[in-house]
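S.K.: Here is how the chains run, residue by residue.
Protein chains: 2
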Amino acid sequence: MESNSRPPAGTDFDTARQFARQLRVDSIRSSTSAGSGHPTSSMSAADVLAVLVGRHLRYDWDRPHSDANDHLIFSKGHASPLLYSIYKGVGVVSDEELMTGYRRFGSRLEGHPTPVLPWVDVATGSLGQGLPVGVGVALAGKHLDRIPYRVWVLCGDSETAEGSIWEALDKASYYQLSNLIAIVDVNRLGQRGPTELGWDIDAYTRRAEAFGARVLTVDGHDLAEIDDALTTAADGGGAKPTVILARTVKGRGFSEVEDHEGWHGKPFPKDMAVRAIAELGGESNLVVRGPLPDAAAAPAITPSEPSTSSFMPRYSPGDKIATRKAYGEALTALGDQYPNVVALDGEVSNSTYAEQFAKAYPGRYFEMFIAEQQLVASAVGFSVRHYIPFASTFAAFFTRAYDFIRMAAVSQANVRLVGSHAGVEIGADGPSQMALEDLAMMRAVQGSTVLYPSDATSTAALVRAMADTSGVSYLRTTRGAYPVLYDEDDTFPVGGSKVLRSGSADAVTLIGAGVTVHHCLAAADRLAQDGIQARVIDLYSVKPADSRTLHAAVAATQGRLVVAEDHHPEGGLGSAVTDALLSEGAQTLRLAHLAVRELPGSGTTEELLAAAGIDVRHIESAARALLAEG
Amino acid sequence: MESNSRPPAGTDFDTARQFARQLRVDSIRSSTSAGSGHPTSSMSAADVLAVLVGRHLRYDWDRPHSDANDHLIFSKGHASPLLYSIYKGVGVVSDEELMTGYRRFGSRLEGHPTPVLPWVDVATGSLGQGLPVGVGVALAGKHLDRIPYRVWVLCGDSETAEGSIWEALDKASYYQLSNLIAIVDVNRLGQRGPTELGWDIDAYTRRAEAFGARVLTVDGHDLAEIDDALTTAADGGGAKPTVILARTVKGRGFSEVEDHEGWHGKPFPKDMAVRAIAELGGESNLVVRGPLPDAAAAPAITPSEPSTSSFMPRYSPGDKIATRKAYGEALTALGDQYPNVVALDGEVSNSTYAEQFAKAYPGRYFEMFIAEQQLVASAVGFSVRHYIPFASTFAAFFTRAYDFIRMAAVSQANVRLVGSHAGVEIGADGPSQMALEDLAMMRAVQGSTVLYPSDATSTAALVRAMADTSGVSYLRTTRGAYPVLYDEDDTFPVGGSKVLRSGSADAVTLIGAGVTVHHCLAAADRLAQDGIQARVIDLYSVKPADSRTLHAAVAATQGRLVVAEDHHPEGGLGSAVTDALLSEGAQTLRLAHLAVRELPGSGTTEELLAAAGIDVRHIESAARALLAEG
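Here the protein sequences come in this chain order: A and B.
Here the first sequence is numbered in UniProt numbering, starting from 1 and rising by one per residue.
Here the second sequence is numbered in UniProt numbering, starting from 1 and rising by one per residue.
For the record, the hints were derived by calculation from the structure and aren't laboratory data.
Each hint should be verified, as a subset may be incorrect.
The calculated lysine-lysine pairs, modelled on BS3-like cross-linking and capped at a C-alpha distance of 30 Å, are [claimed, not checked]:
(1) K270/B to K266/A
(2) K266/B to K320/A
(3) K325/B to K270/A
(4) K320/A to K270/B
(5) K359/B to K320/B
(6) K266/B to K359/A
(7) K325/A to K266/B
(8) K266/A to K320/B
These numbers were taken from a predicted model, which means no experiment stands behind them.
Same shape as in the complex, but just chain A (with noise of 0.2 Å):
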């Protein structure tokens, strides 16, 4: 076989061989100095590995982020001791890093890779979730880059349980990624036992393939039919994304463990560990470097700043327009001045109106159909490729993607998400399409911002302001239509908020968000009737949230605050405002939390406002009430 191969670089096999075993040995080394770690899962992975970074993968090791450079994605993040050996292996992470940092308190070697690490693209760790990410970079890269990198991603076989891997090969067939490699480590034992297909091949390959990828089977620990699949991989040439399902033993090459159960996640005990080094062929620092890629590659797309400061839409107060409206709108406005904005949508695009983008600029449009989780992978992909992704779908369909979310703040991936439908707002289609745990779910992501506005003009102001917003942003959007409250030239400053109503005579506080908004001002204007002075504050910043106007609010208002949300009472608009009330000092409130308490079911917008306690007459009532008690 190996007379066969075209060897794309200088590493021979020989040296492919020694590098192999002593990743093998690091891996050991590094998991049983840190006492915790996955080296029979390394193991397994070493020989495919060891040819992919000696011969194949094009990449600046100095340069690391070169916008040439392959991507190398540990999809199975847990072989986190393998990845750090090969970074000792080609020379940029030190042994004495590797056996003194790996797990340790305030160091870069974490127990699942993290971007902490220039060489580390997204964070993994969470099963099937490397895969979904990778087919984003693999994106970015054949429909907006150009640039021939390719996109490798090590699976575990445990992992393709995840239904989040098909969506994966599912839209990588689709969007014809012949950049993308897929590796599966199948290596038969998972974390309790053996996984469910074991070392069925054949039942991988007919998966794989009907799901539109290239299939190429190999013995994990033949160097020459690795290269062959890896040269066969790295061709590009076809319209299919590549899964390499790679014949592994776990513990391989240390008798005492090899494909032994119970030895997953388990470092190997000093003298096991001495023993294990010394049947490998003991400790080594080889450093082994493959290919470069082409420098003077540079992407299609080049990010430049808006040539004007007014493009955003205009609107005029009193017209109504629904803020999902006003986001595709806004989005369009975006991407007519920042080439790198772009836009995926779960196939609601109509209702989330990012079909304005999609019909404006087709190109950076990504329809990825009903597979939520796939959405926000994609657009962690197109993050980590530098883009300024925009993924859009109802709001309630987030909940699907949630631990995507979660691991894109520890990714620290930039990315904006739109959720349209929100609430009992929503009328007739009921409690499976209400969006009641978003804004708790979107708040506790590490880092996030979450954004509600209730008008078009704060919609546009805050779509423009989610381009430059780091992290994981949020924007709730509602799907009817409500009177424009802003001027066009009134700002709105992520963590401001808006005093629509004030006076020296306050006598209480109305707060809400989105819809909520409508319904405080019309509240106000009833106690008005009765001469009762309410202060109405719209919080459309909700993380962060506007403390100062808050806080004045109390004081002005001897703490008496309504907060209305179209929502559940848990970690939404209410926690938002008591959250940042009681972060200061002590505090005296008289709140009253109108949310939606009670399981919703169909209707009209205002019988389920109503029906959930959260309209204008409840408003007006819960301050009444408040003012009643003194």
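With chain A's structure known, arrange chain B on it following the hints.
M.R.: Chain B alone, transformed into the frame defined by chain A:
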């Protein structure tokens, strides 16, 4: 073809044909009268459903809760006009209710089906969920009930883009669910245009077969072909689930919309409806019933009450035991006394300790491998069949199934979820494995119960309580071993708390749950050395929270509260405390809220708790700072 089919019931083809017409007419009438709904998605599946309901579905419509009935799940829940028209057609819903109730406020005929209707097992409408839940029902039928009911699931073609569909088929074939029949209505058109695969029946066939299903393909408008396929599917003789691919036409029966884009989710205007109904032959009130089940069939497992009151494991104060281990022991003890307790896990049962139950009761343990969506969906399916399911995985990975958890609440399912390895406490594995959003996520679920015990004794008590808790309940367990705090005879009601330290001179209240309870106790000890008395509350019931005890603490300690939680600051323990306190009248609070605010890395438990600022030292400092403020 018709001559070859063996009619299993009295409804002949002519009647079935007329029934199908009526289903179309009523789908149109109901949605047009409501002004919203999905007539065209109903019309494509009307022929298949007419034959199924008229000739194959074994269902006693007058006894919807009969254990012997087949199950009919509309995974494409938006085809509710079709489902409700069937209910009219079998005579359990009047034409008047259909015409005046559909999608109206207060009606049980909601926009998408929910179990407020006695014939609906689970709420659908979030696509890709009905089939996974059907897998759970079929698991119960085949492996527990051992009654020959069949589970018929109507799927849309668009929803096959959801990975959860493939998780479902994978488990259906793994568990040889020959009692499961998925009917895919391949009508080629999604919401905003063509589906990914269109009418490529071969592509669907390859995928379903690769995932282990027996595939039957039919012209979905040829009643005889349909009948043959349903007859074959119903044999239950094989060891595979069946997938029927029905090639259909969206809007079938009304030439103006047949196979036209732009008609998804749109009722026909009245004039069009008139023309459509005329083309379909006019209104009718046919009543059709199919075969009855064997009413004598009874589940193999009969629920029974515990034979003794003291069967739970008992622990001695001071012993160090991880709450995750106590979970495994408590669950096993429950399993001994409750023959209808069932356990499921996502391939981490040796970490969650569900393996203890699996070893003791292998027939009632179901391995879901790494497929958390299916894990929760299966639990919902077991709930449909009145089992008491406990589903466990790492707490972080329940984020993967949030949409299913949310929908379980809409389904009024009784499911118990148990998440281990919560928070930074887990140590070296790093942030991908750390649940830091789970309390927020679970609290925001409608009607949920959220529990987070600090020791083995309370864990065992709460596991027992969960068996009798309706709705979605969640138990958060901890990786490390900590001392047992409570006496064997202490009680831990849901909604309660434990005051571990209190006295007449309490100056500050320290509130924790789980691991932070131990740090609160240690902080109280340190403060006591300086003569500062601290009240310590173990808020093991995060939702509902014990507002009485919290109010008493606020009153006793002048509003000084330190809340420490191993969770992000949003929506977790801190919110539970402030929500409980602010729900009644004016409150003056001095709150120090210690939570995980920055992105953690790897390290030891002690290092990470300290770095997050939630350990004994920070609790002590926060208490002193509150006291210094006055």
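S.K.: Hint by hint, note whether the structure agrees.
M.R.: Hint check:
1. Our distance criterion of 30 Å between C-alpha atoms is broken by K270/B and K266/A, whose separation comes to about 68 Å.
2. At roughly 22 Å between alpha-carbon atoms, K266/B and K320/A fall within 30 Å of each other, so this suggested pair holds.
3. Of the pairs offered as hints, the one joining K325/B and K270/A holds, with about 27 Å between alpha carbons and a cut-off of 30 Å not exceeded.
4. Between K320/A and K270/B, the direct Cα distance comes to roughly 26 Å. Compliance with the 30 Å bound is thereby established for this hinted pair.
5. Simply put, K359/B and K320/B have alpha-carbon atoms about 24 Å apart, close enough for the 30 Å limit, and the pair holds.
6. At roughly 22 Å between alpha-carbon atoms, K266/B and K359/A fall within 30 Å of each other, so this suggested pair holds.
7. Distance restraint check for K325/A and K266/B: the Cα-Cα separation of roughly 19 Å lies within the 30 Å cut-off, and the hinted pair is therefore satisfied.
8. A C-alpha spacing of about 22 Å is found between K266/A and K320/B, which places the hinted pair at or below 30 Å, so the restraint holds.
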